[in-house]
Amino acid sequence: MSNSLHKPGEIAVSVQHLGLTYTTTIDKRPTLKARLKTMGRGTKQTRVVRALDDVMLDVAYGSVLGVVGANGAGKSTLMRVISGILPPSQGRVEVYGKVSTLLALGVGFSPSLSGRANVYLGGLAAGMSSQEIENHFEEIADFAELGDAIDAPMRTYSSGMYARLAFSVAVTVRPDILIVDEALSTGDARFKEKSLEKIKELRSDARALILVSHALGTVRDICNEVAWLHKGKLIQRGKPDEVVDAYASFLQVGKSAAINEDV
Amino acid sequence: MGTATPVEVFVPFRKGLPPLRKYWSTLWKRRSFIAEYSRTQLHEQHFDSVFGQIWLILNPLLLSGVYFVLIVIIGGHSDKMRYGHLTACLFLFYLMANTLSGGVKSVTSGQRLILNTAFPRLMLPISASVVAFFRFLPTIFIFLILRTILGLPIGWNMLWSIPIVLIAILFSSGVAILISCINVYFRDIANFLPYFTRMLLYLSPILWETSAIKPQLRKVELVNPLFPLLDSWSRAVVHAQAPHLTSMLISLAWAVLVFTFGTYFFLVREREFAVRV
Ligand SMILES: Nc1ncnc2c1ncn2[C@@H]1O[C@H](COP(=O)(O)OP(=O)(O)O)[C@@H](O)[C@H]1O
Ligand SMILES: [Mg+2]
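Going line by line, the protein sequences match chains Y and Z. Counting from 39, one number per residue, gives the positions in the first sequence under this note's numbering. Counting from 8, one number per residue, gives the positions in the second sequence under this note's numbering.
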């Protein structure tokens, strides 16, 4: 979409000493009632989650960075900071190009609306023109292979259908820096195959790809570099085989140590 | 590597307002989202079907009928002016109440979008205001028919209704923006809202006319921003008289004040929404 040419090896994203904290309440929902009740007691109602802690990372054009880590490691959070959705709590993120501002997970924000309406609204919210979406829509719908279901409310979608649509949106809109967050891992075998092909096709010298995935085989296969996050910290980054091996053996150990794992 | 300049730099934000000019231009670029989002919401509420429209009109119309009967039973004097006043004011009141009820959850229910897309969050409560305005439109036609049947006076002064509606929209959007933001921090604000609007309904010159108020109770006028607004509205659309200039100015001042404060409050906090929703 963008025709500013980026040379391979040129820096695309630079993440420097990045920290991010979420503030959540202990109860599920912060309410005035709860606040008034606890006011006299002076107990703190908020819980602070350090989702990212001093993360250093850069991504070059022409490369594919894989991001692995257990659930809750902070992968999605990192993607949100890079796309400008979450302002960092500490540190700095520099982005040298047009980054996808619509993360796939934003699709389906309104479950009562159809898949079509969700794609449109998500795109418009991300700043695309309706013409642009119109141009891409056919491709998105075709790739997702949802058939008539595209006009059914998204609450009737199975998680696989949901992921298909999310993935199609993420890969059809072609920014300089493309982020695909976990949209690969769900879906049936055939769709997985197809999405893998698509990702390979999207690898280009003028683009940087960031791929969050639990499918370690895929990561090993198509990434030039892999970063492993754990509890908000960057544990290791480097060659795919090394990092994936280290992560896989960590998962094996983790099983006995009852660490949240998911492959 | 060092020569390239970043297109975008994200650093911890400073307290206070975001750069307003940039904010405004991104908001303006997203106007088609606001239009499309409002349209789909209206579609969901069956606004584009005949029965949906009838329902929209029937609700305030029935309400005004009930209140009218109530007034007759209580023994107040009732005439066609009174009925016109009641209906017109309920319609305008519903415009504002719908803006608030649609707006209050606009941010919290957009959670998924907020977490995954970068956009000016102000779009969400603004869309709610647009929806409420479109739901208000058919009631204008009903009122025009009603006032013809009732034989209410007609005149150019009725055109005052246009700035009055604009002021009403500005005011209620301001409140909607404010409470949509507060609802992020206290999710039960949405539950309190119906009580609040009900109270406002009784404390406003809707079920009673300004002229009927006891002098001791006149103070209500000073604290209820809807007072001068509804008074002007009733004068213009029911009596076809020019509203008092002071009433108009006071309502405008309230609206500007509330809108500015609400927007400021929202803008200062919106960058935090994604880590809070
Ligand atoms: N909106 C949120 N509010 C509060 N905490 C959150 C929110 N989103 C994520 N977290 C917390 O931040 C941490 C990292 O989450 P996330 O980035 O989603 O991990 P991942 O994508 O690697 O599974 C987790 O501990 C999670 O509980
Ligand atoms: Mg995630």
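If you are wondering where the hints come from, they were derived from the structure by calculation, not from laboratory data. Keep in mind that the hints are not guaranteed to be accurate.
[To be verified] The calculated label-pair distances, taken between Cβ atoms and stated as ranges, are: (1) Z:LEU157 / Y:LYS75: 46 to 56 Å; (2) Y:LYS269 / Z:GLU228: 39 to 49 Å; (3) Y:VAL86 / Z:THR267: 30 to 40 Å; (4) Z:ASN66 / Y:LEU74: 46 to 56 Å; (5) Y:THR76 / Z:TRP35: 37 to 47 Å; (6) Y:ARG88 / Z:LEU166: 40 to 50 Å.
[As the list claims (entries may be wrong)] Stretch-level coverage of chain Y by chain Z, calculated; a stretch enters the list once three of its residues show a Cβ under 8 Å from a Cβ in chain Z: (7) 129-135; (8) 152-165; (9) 247-255.
All residues carry an ideal CB built from backbone N, CA and C; glycine is no exception.
Broken hints, by number:
Violated: hints 2, 4, 6 and 9.
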